[in-house]
Structures are given as structure tokens and as C-alpha cells.
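K.L.:
One letter stands for each residue in the lines below.
2 protein chains.
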Amino acid sequence: MKVGVLLFENFETLDVFGPVELIGRLKDLYTITFYSLSGGLIKNIHGVSISTEQLATETNNLDIFIIPGGMGTRNEVDNVSLIDSIRRISLTSKYVLTVCTGSALLAKTGLLDNRKATSNKRAFEWVISNGKNVNWIKHARWTVDGKYYTSSGVSAGMDMTLGFLCDRHGLEFARKIAFEIEYNWIEQKENDNFCDQ
Amino acid sequence: MKVGVLLFENFETLDVFGPVELIGRLKDLYTITFYSLSGGLIKNIHGVSISTEQLATETNNLDIFIIPGGMGTRNEVDNVSLIDSIRRISLTSKYVLTVCTGSALLAKTGLLDNRKATSNKRAFEWVISNGKNVNWIKHARWTVDGKYYTSSGVSAGMDMTLGFLCDRHGLEFARKIAFEIEYNWIEQKENDNFCDQ
Chain W
1 MKVGVLLFEN FETLDVFGPV ELIGRLKDLY TITFYSLSGG LIKNIHGVSI STEQLATETN
61 NLDIFIIPGG MGTRNEVDNV SLIDSIRRIS LTSKYVLTVC TGSALLAKTG LLDNRKATSN
121 KRAFEWVISN GKNVNWIKHA RWTVDGKYYT SSGVSAGMDM TLGFLCDRHG LEFARKIAFE
181 IEYNWIEQKE NDNFCDQ
Chain A
1 MKVGVLLFEN FETLDVFGPV ELIGRLKDLY TITFYSLSGG LIKNIHGVSI STEQLATETN
61 NLDIFIIPGG MGTRNEVDNV SLIDSIRRIS LTSKYVLTVC TGSALLAKTG LLDNRKATSN
121 KRAFEWVISN GKNVNWIKHA RWTVDGKYYT SSGVSAGMDM TLGFLCDRHG LEFARKIAFE
181 IEYNWIEQKE NDNFCDQ
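One line per chain: the protein sequences are W and A, in this order. FYI, this note's numbering numbers position 65 of the first sequence as 65, with every residue one higher than the one before it. FYI, this note's numbering numbers position 158 of the second sequence as 158, with every residue one higher than the one before it.
Hints may be right or wrong, so weigh each one.
A pair counts as met if it fits within one copy or between any two copies, since identical chains are not told apart.
To be verified - Simulated pairs of lysine-lysine, BS3-like, Cα-Cα distance not exceeding 27 angstroms: (1) Lys-43 to Lys-176; (2) Lys-27 to Lys-43; (3) Lys-138 to Lys-189; (4) Lys-176 to Lys-132; (5) Lys-2 to Lys-138; (6) Lys-2 to Lys-43; (7) Lys-116 to Lys-2; (8) Lys-189 to Lys-176; (9) Lys-27 to Lys-147; (10) Lys-27 to Lys-2.
Derived by calculation from the structure, the hints in this document are not laboratory data.
When you get a sec, could you build the whole thing from the sequences and use the hints?
P.N.:
Structure, rendered in C-alpha cells:
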């Protein structure tokens with residue numbers, strides 16, 4: 001199955017590589033490709049510089065499309081080409097997973113309208129402003145609505161990804177992966193320690 | 001302060017990017033550079049391809065030197081040039097942090113002899129074979145012995161990094177970073193859920 005991860009300047013490091021660690025180790029099932037609007041090396045403020053393929057018009061029919069967050073989303077919500085690409089690819093992808101403020105980018109396409117979604121607690125008001133018709137849920141480690149999975153801030157992307165793998169492959173399968181990487185998985189998507197603090 | 005992260009083919013994704021997420025966001029304090037023996041793009045089996053600087057002989061006096069694990073360590077323990085470089089850089093670094101099977105590479109240099117260290121549970125016997133004079137501790141989320149921090153498997157690198165930041169900057173500082181990325185930090189290095197399963 002084909003997994004596409006969207007990158008843009010100043011993506012958040014763990015938003016990307018938490019899910020990539022979990023899905024990437026299932027190499028008999030999933031193949032991950034990193035994409036960006038222009039291709040080439042994409043950098044962030046943590047000093048990370050990752051090689052990407054160009055998001056061409058034929059990038060379609062992904063099994064999983066992953067959209068991370070990060071400070072870069074503040075610029076990218078106004079990048080019409082990127083938002084158009086996200087809309088196009090999301091429509092033809094079997095599942096779309098957003099991490100942290102990645103849900104603001106997906107919300108901007110309109111595809112989350114009247115659907116449940118969540119995001120980073122510390123950027124929640126800004127995220128909401130990019131999708132006024134979305135059913136935003138603040139108290140959630142992650143949300144699922146049809147083919148759309150959205151997670152809370154940064155680390156929550158790993159719990160959501162395990163939740164996604166649980167939904168596809170079963171609870172014991174997901175627990176085994178968490179165990180392999182010695183990760184204390186938060187198994188319940190309603191189990192959110194960061195909402196009321 | 002200068003942070004150097006060692007990369008090699010088939011490093012484990014989260015071993016690298018968990019600590020990088022945590023230290024990278026402290027951009028007023030720390031600057032991260034990724035190094036490899038030959039420089040250039042370094043790939044792993046998760047599809048990640050990251051740009052690195054060459055580990056030149058003048059790479060010295062790092063404040064933090066981070067050594068990840070991964071399947072690539074199985075080859076790299078026999079890479080004399082890499083092990084020599086790890087020894088040289090570790091000797092002049094203020095702190096050395098290993099994640100997962102990264103401790104096998106550091107053990108191979110002899111610098112962990114008669115020191116406490118830990119590693120990935122699922123590769124423990126192999127790791128031990130690379131450092132017979134190390135005081136290996138299996139039940140540990142992470143260990144600290146002088147300037148050497150070693151963590152258990154994959155995800156444990158994040159808890160160790162927060163522990164390291166706690167030791168340098170205080171508990172409230174470390175808790176604030178964990179909170180910012182909505183991470184449920186395991187604060188006690190003896191708190192290891194993965195040893196006896």
C-alpha cells in the first residue's frame with residue numbers, strides 16, 4: 001500500500017517521524033514516499049533537511065495521505081497551490097491522517113466541513129479560524145470521521161497512527177508494534193491529558 | 001550549544017527524531033547538525049533520506065553528541081572508521097546520548113567500560129556482546145553514568161532526552177517541553193514497562 005507524507009518548510013519534526021516510525025516498520029505492507037509542492041530538500045527549524053518527490057498531478061490513489069503540522073502551516077494555509085493539491089490528493093486517497101496543526105491545512109480545503117476533527121491545543125483558536133464549518137473537538141487525543149483521522153498536538157500523532165493501525169489490522173497487531181518500539185500507547189482516542197491544563 | 005547527531009544507513013527513524021523534536025525546539029539554546037561518515041544523503045528503510053555534513057576530524061567539542069540505533073548498527077559495529085570517529089568525538093563532547101542499539105556502537109569504543117548502560121530489550125544479548133565490560137542494566141527506561149546517557153528501545157529516547165534536559169535545566173523546564181508537544185513523559189528512569197513482558 002502506498003503512503004504519501006506531505007512536507008513543507010518548517011514542518012514539525014515529530015508530527016512526521018512519529019507516524020513514519022510506526023508505519024515504516026511495516027515494510028511488507030506499506031511503502032512511504034515523502035512529497036512536497038516543488039520536490040527536493042525540505043528543511044525545518046530543527047535543522048532537519050529531508051529529500052522529497054514533487055507533488056505531481058498524477059500523485060493520486062494513495063492508501064494513506066499524511067499531513068503534518070508545524071509553524072510552517074501558518075504560511076501554507078494561504079498557499080493556494082498547496083491547498084489545492086491537498087484537496088485533490090485527499091479526495092483520491094483511501095485514508096487521510098493529519099497531525100497537530102495539519103488539520104488546519106485539511107480544513108482549509110473544505111473537506112472537513114461537518115466532520116469531527118481536532119488539533120494542537122495551543123493553536124486551537126487559529127486552527128478553528130481555518131475551518132468554521134468543522135465540528136472541532138478540543139478534548140480528544142485523536143478523532144475519526146469516515147476516512148479522516150486527525151490528531152491532537154505533535155506526540156498525539158503516534159497514538160492516532162496506532163489507533164489507525166488498530167482499526168485496519170486489529171488491537172493485538174497495534175499493541176505489538178507499540179511494544180516493539182517500547183512505546184506506552186494511549187489506546188483510547190478520548191484519553192486526553194492536555195485539554196484542561 | 002552545539003548538538004551533533006550521528007547518522008548511518010538504516011538508522012531507526014524515531015531514535016533520531018524523538019530527541020531532535022525535543023532539543024530542536026530549544027532553538028535559543030541548541031543548534032543541531034546531522035553528521036555521517038561520508039556526508040550527503042543518508043537513507044533508512046522507512047523511506048527517510050536526510051541531508052548530513054561529513055564527520056570531519058575537526059568535528060569536536062560538541063555539547064551533546066547523539067548516537068541513534070537501528071538495524072544499521074549491525075553493520076556499523078564492524079566499521080572501524082565509524083567506531084574510531086565515535087570514540088574521538090565522544091571523548092571531546094560534553095555529553096553523549098545513545099538511543100536503543102546506539103549503545104552497542106558506543107560500547108564498541110570501550111568508553112562505556114565499567115559504566116552503567118542500557119539498550120533495546122529485543123536486541124539486548126547482541127548489544128551485550130559488543131561491550132563485555134559494560135555494566136548493562138536491562139530494567140531501565142534510561143541510564144546516566146557521568147556524561148553518558150543511554151536509553152532503552154526507540155521511544156525511550158524521548159524520555160531520556162527529557163531526563164537529560166531536566167538534569168541540565170530543571171524539572172519544570174522539562175515538563176513544560178513535554179507539555180508543549182502533548183507528550184506523556186515517563187519521568188523516572190527506573191520506570192520501565194517493557195523489561196519483563
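K.L.:
State for each hint whether it applies.
P.N.:
Each hint, compared with the structure:
1. Lys-43 to Lys-176: Between copies only: 25 angstroms across chains, 33 angstroms inside a chain, cut-off 27 angstroms.
2. Lys-27 to Lys-43: both (25 angstroms within a copy, 15 angstroms between copies)
3. Lys-138 to Lys-189: Answer is within; shortest intra-copy Cα gap is 12 angstroms, inter-copy 31 angstroms.
4. Lys-176 to Lys-132: neither (39 angstroms within a copy, 30 angstroms between copies)
5. Lys-2 to Lys-138: The answer is neither: 31 angstroms in one copy and 37 angstroms across copies each exceed 27 angstroms.
6. Lys-2 to Lys-43: Both. Shortest intra-copy (23 angstroms) and inter-copy (18 angstroms) distances satisfy the 27 angstroms Cα cut-off.
7. Lys-116 to Lys-2: within (25 angstroms within a copy, 43 angstroms between copies)
8. Lys-189 to Lys-176: Both: 18 angstroms inside a copy, 23 angstroms across copies.
9. Lys-27 to Lys-147: Intra 22 angstroms, inter 36 angstroms, cutoff 27 angstroms: intra-copy only.
10. Lys-27 to Lys-2: within (11 angstroms within a copy, 34 angstroms between copies)
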